[in-house]
Structures are given as C-alpha cells and as structure tokens.
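With the hints as extra help, turn the sequences into a complete structure.
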Amino acid sequence: MENTRVRFAPSPTGELHIGGVRTALFNWLFTRNRGGRMILRIDDTDKQRSSPVFLDTIIRSMQWLGLNWDEGPQIETEGGQDSYFQSERQAIYEEEAQRLLDEKKAYYCFCTAEELQAEKERQRRVKQPPRYSGRCRNLTSAEREKLKEDNSFVIRLLMPQEGTTVVRDLIRGEVTFDHTNFDDFIIVRSDGLPTYNFASVVDDYKMGITHVIRAEEHLSNTPRQQILAQRLGYNIPQYAHVPMILAPDHSKLSKRHGATSVQEYRKMGILPEALINYLALLGWSPGDDREIMTIEEMIELFSLEKVSRNPAIFDLDKLIWLNGHYLRTMELQTIAERARPFFQENAEIWATCRESRLEIEDVIDLVRDRVKTLREIVDASTYFYLEDFSYDEKGTKKHFRKGTGDILKKVAEVLEQTEPFTADVIKKELQRLSKELKISPAKINLPVRLAVTGRTMGPDLFDIISLLGKEKVLARFKKVEELFFKEPNGV
RNA sequence: GGCCCCUUCGUCUAAUCGGUGAGGACACCAGCCUUUCAAGCUGGCAGCAGGGGUUCAAAUCCCCUAGGGGUCACCA
-19 MENTRVRFAP SPTGELHIGG VRTALFNWLF TRNRGGRMIL RIDDTDKQRS
31 SPVFLDTIIR SMQWLGLNWD EGPQIETEGG QDSYFQSERQ AIYEEEAQRL
81 LDEKKAYYCF CTAEELQAEK ERQRRVKQPP RYSGRCRNLT SAEREKLKED
131 NSFVIRLLMP QEGTTVVRDL IRGEVTFDHT NFDDFIIVRS DGLPTYNFAS
181 VVDDYKMGIT HVIRAEEHLS NTPRQQILAQ RLGYNIPQYA HVPMILAPDH
231 SKLSKRHGAT SVQEYRKMGI LPEALINYLA LLGWSPGDDR EIMTIEEMIE
281 LFSLEKVSRN PAIFDLDKLI WLNGHYLRTM ELQTIAERAR PFFQENAEIW
331 ATCRESRLEI EDVIDLVRDR VKTLREIVDA STYFYLEDFS YDEKGTKKHF
381 RKGTGDILKK VAEVLEQTEP FTADVIKKEL QRLSKELKIS PAKINLPVRL
431 AVTGRTMGPD LFDIISLLGK EKVLARFKKV EELFFKEPNG V
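So the first sequence is numbered by the working numbering: it starts at -19 and just counts up by one.
Keep in mind that the hints were calculated from the coordinates and are not lab data. The beta-carbon is built from N, C-alpha and C at its ideal position, and this holds for glycine as well. It cannot be assumed that every hint is accurate.
Across the chosen pairs, the derived CB separations fall in these ranges [what the hints assert, rightly or not]: (1) G(-6) / K450: 51 to 59 Å; (2) P109 / R350: 52 to 60 Å; (3) D349 / A227: 25 to 33 Å; (4) G153 / R355: 41 to 49 Å.
Lysine-lysine pairs mimicking DSBU-like chemistry, simulated, CA-CA at most 35 Å apart [said to hold, decoys possible]: (5) K390 / K423; (6) K418 / K390; (7) K84 / K100; (8) K374 / K423; (9) K84 / K126; (10) K423 / K382; (11) K415 / K458.
Here is the structure:
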C-alpha cells in the first residue's frame, strides 16, 4: 500500500466549525486506519480575514478532540515542509505561476472589478451563465507591458474550451464535467497572493497528499483543480467528497440554528468523546448496528466506502444523549477532572468546594446519572455546597403541609441518634420510623428531600443525607422549621 | 438560470451478486423498576419521494418528474 498522506486545511477566518471538524475527523480516521500521516495546513491566503486568534482556537479545538497531526504547526518534522502556512509559502506559488506564464498556460488580465461586474450583470440579464469573456487572452506582449505600467492585474489560467474532465471520487464514483462550463479562473490575485484553487493544488502536490478528503461543496471546483494540476505537470491525488452537514430546516448550518463551533460545544459541557462519536455517525456508519464506539474501534472500522452520499442533518438531541451516556459510563476521576472547570466558573460554589470536605467526585457520582452535560453537573450539585438555596415553590405547597413539621421533627430526632451515619443505616431508620408512625415512606421522604435539598427530585435521598453529614442535615431541618413551621401556638 | 451531487421512519442510518415480516439508534408514547427524578429493561408508533419501465421477482437496475443541497468570487 502506498504511504497515505491526508491533509486538513482550515482557514483561520473563524472558529473551527462543526462541519470542519467532521471533515478533519474523517481524514484522521482514514489515515490512522491505514497507518498514514495527517498533515495540518493553514490556508491563510485571505490576508484580510485571517487572524491569529482563530488559528489559536482551531488548534486548541483539534487538540481538545484528540485529532493530532504528524506535520503542521507546532510540530518539528524531519524532512517536512519549511512551513505549513500558505502565507509563508509565497515564493513557491510565485515560481509555479511564473512557470505557467512562461509556458503560455496562464495570462495576465487587466480587467477591473467594475468591468467584470458589469459583464456579469449583462450576462445575467440575458440569462447567460456568468463567465469571464477571455478578453485579455490575446493581448500582445507590447500591449501587456504597457498595461502593466500603471494597472493592477491578476493571473488567469487558460482553460480548455472543449472536451470533458472526469473526477473520480471515492465516495461518488465518476463525475463528468463539460469544459464549456468553465471560464479562465483567477489563480493569482491583484495583491500577488494565490487564490484557494491555486495554492491548494500546488500545496497538495508539494506536500505529497495522496487523498483529498473534503466537504462536498468543493466537488464543483475539483475539475478546475485537476486541469490546473495537469497544466503544472502534477499527478492528481484521489478525491473523496463527504456530504455536508445541514441544519434541521435543511439549510446550511449557521449561528441562528444554535452552536456551530467546537468551542461552543465544549462550553456547553459536551465531552470530546461524545462529540467525536456523534460526528463519526453523521455520514458514516460501521456497517453493523454499533453506535457507541471507542476511538480505536472507529479507526479500525473506518472506510470511505461506508461514507454516505447524502447530506446529514445535525441532531442535537442525539449528541446530548451520547454525552449523557459517556458522562455516566466513563471513569469517575476523568469526569471529575472535566467537570472541575465548570465548578470553577461559579465563584461561590468553588469557594465552598475548596474548603468543604465534600469531595467533588462523591457529589458527581451521585448526580451524574441525572444530567446530560458537564454544565448540568454543577446545577445539580449546588445544594451540596451552598446553604442559602431556595425551596421549590410547588414542592413546598405540596409537601409542606399541616403535620409535616411534626414529621420532620421526628425525623430529625431519629437522624440525630443514627450511627454510623451511612446511607444504609439512615434508610433503615427512616423505614422504621414510617412503620412506627404508620405513614407511607413517601410521606416522610418527599418532605425530607425538600427540606434537605430545596428540590423535589434528585439522587437517592439517603445518599444525599449521608454525604452531607449529620451536622449540615440537622441544621437544614432547623432552618426549615423556622421558615415554614414556626407558629405562635405550635403545629 | 447553467452545471454537479443527493433522495429508506420526524432525525442519523442498515439491508453481501435484485428474493428481508425493510433492521438498529435518537426523539416520542406506554409498562416495569422505585422514596423523587433519572438511568436501566420491555414493548409501541413511524419509512423505501412520485411515475414509468426491465425482471418470475426491484428499496436495490434503467428512464422521467418532483424536492433538497452545492457551485458558477481577486472566500475557502
């Protein structure tokens, strides 16, 4: 087997998008499956929109997800490229552009943006496809030199006027394009920088890329790139165009549909394991009924043949479900580490967290079955750390009734005597009390839960009581008595 | 508008060379479990875009129509 080399080439003009990561993931799974190499290249030829801030967040997103690369930024590679930033590879593009110019495969174009705009308008009015006329194709060298003196120019590739180009796509099969659809596209902009189509083709070749796996939106560009590669005398890589990810309304995924960037999902409390697993399932399936897979399984099972051809709709519900699954099945230690930053965000909780003897692990162990994100873990844990929580209004109406005060008083008496203060013993004691008072366990447990946590739902009550400890629990009973049951003539 | 891609439950998908009661998962509903809420378990609802062919037999092959998406930038 050839040495597989794939690349993921984001442009640092925004956060790492959910569609982008899926593409990165498929590249990564593919090359890891074949023992190949993953190259991270930064396509920053758009000087205006590129920013180091975005570069930073893209790299951090990749690292967070564990999508590592063998060549690219932050990696020293023996025998690798001098740079994996297109902005630092200008000399290469200039050389290749000059070669095309010398061989008359490309030419200078002096048309202004206004002229081209007007041309397109005209074509649109007569319902013609917008194409460049090729006006500057046949300038004489004298004309050209004269124009170059005081006009800006771009370089265009001379495209064939007839014939067809066939793209052999690993996912879609052979796709044929008629050359009459193409006009002479720009390969070097007026500022001297290469366009995407040009830089990408040059770099894919210079970097020895064997498989170009990218989003379907690039399929229409591929014949242009193949022709360009041919003009440059390059071998073309194999192509695979993966389907796009769409929003629930079938439109392109955008901010108005909710979170679109990896960082947003991280901040929501999504685990990288869950995001990876979910994304892998979006447009790919292992062929059997498996849904939950380790990264090793995914690597082993991945193949481009199993990638679907139709666009997939992003289903947040399923991602959340997977996240819940990982939350309750992964190592408690790991979950605690991942949850810690979310606790730290809440200064008040974090302060008590640190001085409290309540281990965060113990709390998480109790609540993680009931939540779906890391962020929700904190919400579900507040009453373990804070004393001034409020009491659920509906709950108090329902469970704090006449006579409840007496019951709570009895419970408090029992708990005071309970030793050891473990969930098992507490449970037995309260069961005994319920028999003794001839009332159902619910009549005791529901008001007790409300008194201790302020809520009507949550983890096992006896676990909560035991974990909080006798002192805190009794104090909370006392507080409830004063807040709800203190009347002049007693209850 | 031209060109290109796509079309199985609401959503993600499975179904070796055409022969299946069209399978799984999320969501939804019901039951079980139970001190609450979850989780878990069990069951249920729900699909081959439409129309023509080819064939003994079509989700699967061919054609047409419709719908969705992409592209036609000095953005990638």
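Hint check:
no. : hint                     : verdict
1   : G(-6) / K450: 51 to 59 Å : holds (54 Å)
2   : P109 / R350: 52 to 60 Å  : holds (57 Å)
3   : D349 / A227: 25 to 33 Å  : holds (31 Å)
4   : G153 / R355: 41 to 49 Å  : holds (44 Å)
5   : K390 / K423              : holds (13 Å)
6   : K418 / K390              : holds (13 Å)
7   : K84 / K100               : holds (26 Å)
8   : K374 / K423              : holds (16 Å)
9   : K84 / K126               : holds (19 Å)
10  : K423 / K382              : holds (12 Å)
11  : K415 / K458              : holds (24 Å)
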